[in-house]
Each structure stands twice: as C-alpha cells, then as structure tokens.
Amino acid sequence: MGKRIEVTDLNVYYGDFRAVEDVSITIEPKSVTAFIGPSGCGKSTFLRTLNRMHEVIPGARVEGEVLLDGENLYGPGVDPVRVRRHIGMVFQRPNPFPTMSIKENVLAGINLNNKRMPGSEKDDLAEQALKGANLWEEVKNRLNKPGASLSGGQQQRLCIARAIAMEPEVLLMDEPASALDPISTLAIEDLMNELKQRYTIVIVTHNMQQAARVSDVTAFFNIAGAGAPGRLIEAGPTEKIFSAPDVKATEDYISGRFG
Amino acid sequence: MSTTSALPDTGTSPLPTVDPRRVGDRVFGGLAAGSGIMILVILAMVAAFLLVQGGPALFADPAKLASQGYGEFASWVAPYAFGTVWAAVLALAMAVPVAIGIALFITHYAPRRMAAPLGYLIDLLAAVPSVVFGLWGADLLSRSVRGLYGWLNDNLGFIPLFSGQVSGTGRTILTAAVVLAVMVLPIITSLSREVFLQTPRLHEEAALALGATRWEMIKMAVLPFARPGLVAAIMLGLGRALGETMAVTMVLSGGKNITFQVLTSDNPNTIAATIAQNFPEAFGLKTNQLIAAGLVLFAITLAVNTVARWIVSRRAEYSGAN
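Line by line, the protein sequences are chains A and B.
Numbering (the working numbering) for the first sequence: 1 to 259.
Numbering (the working numbering) for the second sequence: 1 to 322.
FYI, nobody ran anything at the bench for these hints, they're computed from the structure.
Misleading hints may appear alongside valid ones.
Claimed, not checked - Covered stretches of chain A (chain B as the covering partner; in silico rule of three or more C-beta atoms under 8 Å from a C-beta of chain B):
(1) 30 to 38
(2) 90 to 99
(3) 105 to 113
(4) 157 to 167
All of these numbers come straight from a predicted model, not from anything done at the bench.
All C-beta atoms in this analysis are idealised placements derived from N, C-alpha and C, irrespective of residue type, glycine included.
All chains, full assembly: derive it from the sequences and hints.
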C-alpha cells in the first residue's frame, strides 16, 4: 500500500478547451501532497485525472502519462473501473448513500468487489475501516442506522471509511473539509496524519493553513487569466513553499497579495 | 429604537397601510384561487352526476334490474371491474420494464446527441390518438399475434395464464393489454426519466469512485434514489390504463368471464369499453346501470390516484441530497 504517482506532461481537455496544461509532478508514497491555488486553476480537474474520475464528464480527455508505481493508468486496455478500485476518492461534500445504513455504506465498495465474503469477515472489515476513520466509537452502537443520520463531519469520516475499506493504494481528497465546521475539520486533519502512515494522500484545499498543517509537499497551481489553461507553477516541500518559494506568484498567493 | 425619530417628519405615516399597487396582486390571487375552486366544483359535479344518475340502478330491486336492466348490479359489474384491473395490470407488467429501460438508456447510456431526440420521440408516442392505437391493435396486431399465441399455448400451456382454447381472432385481453402497454409507455418513460435525472451527481460519483461500473452505479445510487418517483410514475400509468376506452373497445371482444387465461376468446370486458358499447342503445334503468358502472370506474381510478399522490408526497421528506 502507498504507491508512488509520477505524472508526465499531462494535459486535460474539456472538448476543445484545454483546462490543464503540461503538468509534471511526482507524488511520494506515504505522504500528504496538497494542491493549492485560486478557483478554476485546474487543481480539482487534475486530481480527478489521477483516478480517471474526470471521464464522468462528457468530452473530458487526457494527454500524457500517469504512472502508479510504473504502471500507466492511461495505458491501452486499462479499465477505469479497476483504476478507481485502487485509488480511492473523498469528495467536497459528504456523500454517503442515503438509502444505506452506516455499515452498508462502509461496505459499499466491498460488496462490489467481493460479494462472497462471509458476514463475520465483513463485520470485521467494517469495524477496521471505521476505526481507521476515527468513527468507530461514535457509531458502534448504531451501525444499522441510516448514514444520512450522522452529522456533516461524521458523514465525511464515514466517506473516508468507505474509501479505506477498499484498501486503496492512494487516497484522493477534493476539499474534504470545506463543508465542515472547524472542529470536524480538525478531526479530518488529524485523521490525515494517521492515514499517511499507510496510504499516499493527495488533497485539494482552498485553506492554506490547512495545507501548511497537513501536507509534506505543496503544489501551487495558477491560471494566466480567464480561458487560459491551469498550470502547475511550483511544487516542493511544504515548509519551503510557505517560507521561501522560488516563484514570485506563489509567494503573492500565499501571503494574500494575489490578484 | 431611535431610528424612526431620525427620519424627517413629513406629517404622514411613513408606512401606508394599503399600497394601491397591490391591486394586481389581489386580482391575480383571486383568479388563481377561483381556478382552484373550479376544479373542486367540477369534480364534485361529476361525482354528484354519477351518484344521482347511477343511484337508481345501485338501489333498484334486483328483480326489476333483471327485467329492465342488465341484471343484478354487483354480479353484472364484477367481471367488468375485474377486466379493467386485469387488463391494466397486464399492460403495466409489460410496459414498466421497457419504460424504465428506455428512461435509463436516455439518461445514462445514450450519447447526448441521441438522448434528446429519443426523449422527444417517446413523448410523441403520447400524442397518437387512442383511436389510432385501436385501429392498429384491432387490425394489424391481433392478426399478427395469432401464431405467437398458438405457440405460447402449445409450449407454455402448463402455465394457467396461457392455458385454455386459443382464440382464433387474436382479439384477447392480452392483445388489448399490449395496446394499453404501448399507450402508457410514454407517461411512465418520461416521468422515470425526470426522476433519474434528479439523482444527485454526488451519489453517482460516490459509486463510480468506489469502482462501480455504470450498471452497478445505477443499482447503488440511481434506483434507490428514484424508487418513490418510479412508484408514482407507474401509478399514473395505471390510471391511464384503467380509464382507456377507445382502444380497448376496438381491440377486445369482451364478455363476462372472470378468468386469468389471457389467450382464450372468453375475456372479461372492461368497464369503460362496456359503457361505450352499450350506451347508444341503452334507455331507462339500463342507462342508470351503465352510469353506476362509471361510478365504480371512477372509484377505482380515484383510489389509484390517491395512492399515487400519497407516495409522491412521501417523496418530499425523502432526503436524497444531504
């Protein structure tokens, strides 16, 4: 678990519009990498290309290479469904399945892959995943209640449990705390610190303090103007990006002098 | 508060009690309320008509009904009520899977360029007059299904549904149900399509991000979310199938036999078709009796629609999005 991602010269298009231009970056295993940058700079789009979720949008396509421990995700014959079973994703807003119970939500991915797993094994796995997401103590007595009955922060941790129940190699998080209150946000950030012992984590965030708190590496994305493609401006150790970035635009953005 | 005293004193109240500009508002409100009340009045008048005109047959002496009407009311109307419900149920059994399939194809499988025209075509199907469906069913369909019915009877005759003596004309309740199925298909399809489109993108993406295939995503996210809406769509289709008159009148050679066999020439007629066929020659108590049958049909459709409304209203508290 915890694999390295190497991206070379990645371009993302929506139809004729180039949304992301020439991104090359290496994401180290068992670390937290944060993507920051202004709205519309393509960081979420880029994140989605790492598990081929951008293909859900009609007309979206990619040029370039994304290697997961040397294996090209866009190689011929690679099934996007299989890619997503190895690279989990957590979304901006908590999205547990409303008709499923807490336990069913955690096991939703397992039920897709391994229907024959005996019930006791499933129970253990659900417990492990919920413990991994720091949610077990709060829900252990109501596993059969609907997932939507939890608070927003609990729902988001339920979604993280659902993702890590699949034992993914990489966990992508698209602004996972932007819809949560500060206490729930702190819970998610603490969780990220624990999860990086086992998984490679990539997070998109608008909150620069959050990027500074949780990430080992920070990548700054920017656009030249409306209609221009997003580009990766600079990536490096978080400490360096936040104290002495190489590029002036990065410093301007981080210090709030941007735009 | 001292804010009001800060205003310059103009000698008049700063807040006039009636704003003359609200006249338009009140006129429109009155018109809207009037239209709403009119619906209730019309419905009440229809119900009153059915009760008053059908009443004499409902409460008549059975002996008198036997000589001047069509016979004792309950036993006379029972086969037609059964035929009405049975034909509609058969029609739904055929139409619902196809309608849901089409709706899923349009919303989740078809390329965009194809989805919109296809949806339009389905809606166009609803615009075909029922007499045209009747002609099609009575002439073309009933002739072309005879071979199939024979085959069903020979090979699947052990199922009670397909047992009995096969009709030589093909104008059986199954043929009528096929025509009804085609007629209710557009309603169910377009309503299901609307419901499927409302599935929150978040839930679809949640399923896909777990490595669900498209069909697995539909099973995990779309169908559970759409279920209450689908039930409502099916109920509205059922309402249409129950009340359809012209097509059934033209296709079905109906009688008074309560049977689940769908291939024989001994079929129960529907209430609507019975009324249409007998009304021109009816007089006196017979007229009352036909109107009373209309009252029974009204009660059946009202019950179906009430159930549909109840299910739709339950959907409001169903929190799909969070």
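These are the hints, each one checked on the structure:
1. 30 to 38: Three-residue rule not met by the segment 30 to 38 of chain A, so violated; n is 0.
2. 90 to 99: holds (count 8)
3. 105 to 113: holds (count 4)
4. 157 to 167: n = 4 at 8 Å, threshold three: holds.
Of the numbered hints stated above, the single one contradicted by the structure is hint 1.
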